[in-house]
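Residue numbers for the sequence shown follow numbering that gives the first Met the number 0, so the first one is 0 and each next one is one higher.
Do not take every clue at face value.
Using 20 Å as the maximum straight-line C-alpha spacing, the simulated SDA-like pairs for lysine to any residue come out as follows [claimed, not checked]:
| id | residue 1 | residue 2 |
| --- | --- | --- |
| 1 | Lys74 | Lys88 |
| 2 | Lys88 | Glu98 |
| 3 | Lys235 | Glu30 |
| 4 | Lys14 | Asp166 |
| 5 | Lys35 | Glu126 |
| 6 | Lys88 | Ser100 |
| 7 | Lys70 | Arg58 |
If you are wondering where the hints come from, they were derived from the structure by calculation, not from laboratory data.
None of these values were measured; they are calculated from a predicted model.
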Amino acid sequence: MGGKSEVPLLDKNGKRIDGRDLEELRPVKMEVGVLKKADGSAYVEWGGNKVIAAVYGPREVLPKHLANPYKAVLKYRYNMAPFSVDDRKRPGPDRRSIEISKISREALERVVMLEYFPNTMIDVFVEILQADAGTRCAALTAASLALADAGIPMRDVVAACAAGKIDGKVVLDLKKEEDNYGEADMPIAISPRTGEIVLFQMDGLMTKDEYMKALRLAVEGARKINEIQKETLKDKYKITNLSGGDNNE
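Turn these sequences into a full structure, and let the hints steer you where they fit.
Structure, rendered in structure tokens:
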């Protein structure tokens, strides 16, 4: 978390700087099938975040010595475009993107049925086009949609959300200023069907009661995100059925 903000993050009525209530999500928009040459793809706008995800595979493993005879190898690359933040980011992977790629891949490995595709690989690429805090949650949400769009068998679609603490209050879905100047941030991801938490991180300090409230808020937020995911996938297949084929072909 960043330093103390000179501007209060909550007004005298308890509203946040963007007018939201403490337990309110930012506006969320999702779409699947946005890239014709990918096996599956998705686009997510979440507050000021703009994220695109693409899935390729199952396909031949390269280099071949990485192949697993028992299951597919899942690869996940999270990348922030140089123009995604106010201060231009140096192109290429850094420690943060490598760490987010690792924990996101591990979250997806809990739900993707990799055992169906031995000796193959599934590549997931996520690009942050515009960043406004919570990018790992938006990225994982988009990646899950892209995997579903690709027809990869999954036990569930992973949904993610964050909660945190600003000006002494526990809130849902922090935006950039709240993330930079707040006291804590807790991104999580869940398998909504089972309730299993497949990703959990926390930065900052909270009391036990604040932690429990933040965890409850984040899980509830992830379930709301999952409802939007399900509607997005349903909408695609409604359009497909009405047109008599895949509208992306």
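Original post:
Of the numbered hints stated previously, which ones are contradicted by the structure, given in increasing order?
Top reply: Result: hint 1 breaks, nothing else.
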